[in-house]
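Chemist: Residue 613 in this note's numbering sits at position 74 of the sequence shown, with consecutive numbering throughout.
Just so you know, these hints were derived from the structure itself, not from any lab.
Don't take every hint at face value.
Stated by the list, open to error - Distance condition first, Cα-Cα at most 25 Å in a straight line; then the derived SDA-like pairs of lysine to any residue:
#: 1; residue 1: K609; residue 2: A548
#: 2; residue 1: K546; residue 2: R631
#: 3; residue 1: K546; residue 2: F628
#: 4; residue 1: K563; residue 2: V619
#: 5; residue 1: K563; residue 2: A583
#: 6; residue 1: K563; residue 2: A627
#: 7; residue 1: K563; residue 2: L658
#: 8; residue 1: K563; residue 2: T543
#: 9; residue 1: K609; residue 2: M570
#: 10; residue 1: K563; residue 2: Y654
#: 11; residue 1: K546; residue 2: P634
#: 12; residue 1: K659; residue 2: A644
#: 13; residue 1: K609; residue 2: P572
#: 14; residue 1: K659; residue 2: F628
#: 15; residue 1: K659; residue 2: A610
#: 16; residue 1: K659; residue 2: P620
#: 17; residue 1: K659; residue 2: A548
#: 18; residue 1: K563; residue 2: V544
#: 19; residue 1: K546; residue 2: L630
#: 20; residue 1: K609; residue 2: L658
#: 21; residue 1: K609; residue 2: E576
#: 22; residue 1: K563; residue 2: E663
#: 23; residue 1: K563; residue 2: L661
#: 24; residue 1: K609; residue 2: L557
#: 25; residue 1: K609; residue 2: Y652
#: 26; residue 1: K563; residue 2: F607
#: 27; residue 1: K546; residue 2: L651
#: 28; residue 1: K659; residue 2: A583
#: 29; residue 1: K659; residue 2: M617
#: 30; residue 1: K546; residue 2: A640
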Amino acid sequence: MNSTVTKVARILLAIIMLVFGANKFFSFLPMPPLPEEAGAFMGALGESGYIFPILGIVYILVGLCLLFNKAVPFALVMLVPVSINIVAFHLRFDPEGVGAAALVAILNLFLLYVYFDKLKALFE
């Protein structure tokens with residue numbers, strides 16, 4: 540669990556989550572233009588007023604757990620529905636952006652595989 544590849548994957552995913560989590564609150568990364576349907580969907584989510592702050596908190600919590608190597612299996616399980624929805628959003632609305640989404644999902648899946656011994660009890 541502490542191989543160099545695992546550490547790099549864990550820290551890379553942590554950085555991604557922390558940066559995008561902080562961006563939910565401080566908007567320091569400009570969002571690329573989205574196709575019309577995707578923009579309408581994201582606009583509706585934004586107008587709800589609660590989805591993006593909750594996502595920001597989840598991203599930051601997951602990122603901190605991964606960065607400090609604390610409660611990593613918990614963080615990875617929390618990230619599964621998020622990474623699935625990121626990939627699904629891009630496949631449905633913005634296929635050009637699926638690469639970055641796939642990176643998050645692949646890192647999540649790889650780390651879930653690495654930590655599977657600690658997660659086995661969830662499947663018994």
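Chemist: Does each hint fit the structure? Answer for all of them.
Modeler: Status of the hints after comparison with the structure:
{"no.": "1", "hint": "K609 to A548", "verdict": "holds (15 Å)"}
{"no.": "2", "hint": "K546 to R631", "verdict": "violated (32 Å)"}
{"no.": "3", "hint": "K546 to F628", "verdict": "violated (28 Å)"}
{"no.": "4", "hint": "K563 to V619", "verdict": "holds (19 Å)"}
{"no.": "5", "hint": "K563 to A583", "verdict": "holds (15 Å)"}
{"no.": "6", "hint": "K563 to A627", "verdict": "holds (20 Å)"}
{"no.": "7", "hint": "K563 to L658", "verdict": "violated (29 Å)"}
{"no.": "8", "hint": "K563 to T543", "verdict": "violated (30 Å)"}
{"no.": "9", "hint": "K609 to M570", "verdict": "violated (31 Å)"}
{"no.": "10", "hint": "K563 to Y654", "verdict": "violated (28 Å)"}
{"no.": "11", "hint": "K546 to P634", "verdict": "violated (30 Å)"}
{"no.": "12", "hint": "K659 to A644", "verdict": "holds (20 Å)"}
{"no.": "13", "hint": "K609 to P572", "verdict": "violated (36 Å)"}
{"no.": "14", "hint": "K659 to F628", "verdict": "violated (29 Å)"}
{"no.": "15", "hint": "K659 to A610", "verdict": "holds (15 Å)"}
{"no.": "16", "hint": "K659 to P620", "verdict": "holds (18 Å)"}
{"no.": "17", "hint": "K659 to A548", "verdict": "holds (21 Å)"}
{"no.": "18", "hint": "K563 to V544", "verdict": "violated (29 Å)"}
{"no.": "19", "hint": "K546 to L630", "verdict": "violated (29 Å)"}
{"no.": "20", "hint": "K609 to L658", "verdict": "holds (15 Å)"}
{"no.": "21", "hint": "K609 to E576", "verdict": "violated (39 Å)"}
{"no.": "22", "hint": "K563 to E663", "verdict": "violated (36 Å)"}
{"no.": "23", "hint": "K563 to L661", "verdict": "violated (31 Å)"}
{"no.": "24", "hint": "K609 to L557", "verdict": "holds (15 Å)"}
{"no.": "25", "hint": "K609 to Y652", "verdict": "holds (17 Å)"}
{"no.": "26", "hint": "K563 to F607", "verdict": "holds (21 Å)"}
{"no.": "27", "hint": "K546 to L651", "verdict": "holds (13 Å)"}
{"no.": "28", "hint": "K659 to A583", "verdict": "violated (38 Å)"}
{"no.": "29", "hint": "K659 to M617", "verdict": "holds (16 Å)"}
{"no.": "30", "hint": "K546 to A640", "verdict": "holds (20 Å)"}
When held up to the earlier numbered hints, the structure conflicts with 2, 3, 7, 8, 9, 10, 11, 13, 14, 18, 19, 21, 22, 23 and 28 and fits the remainder.
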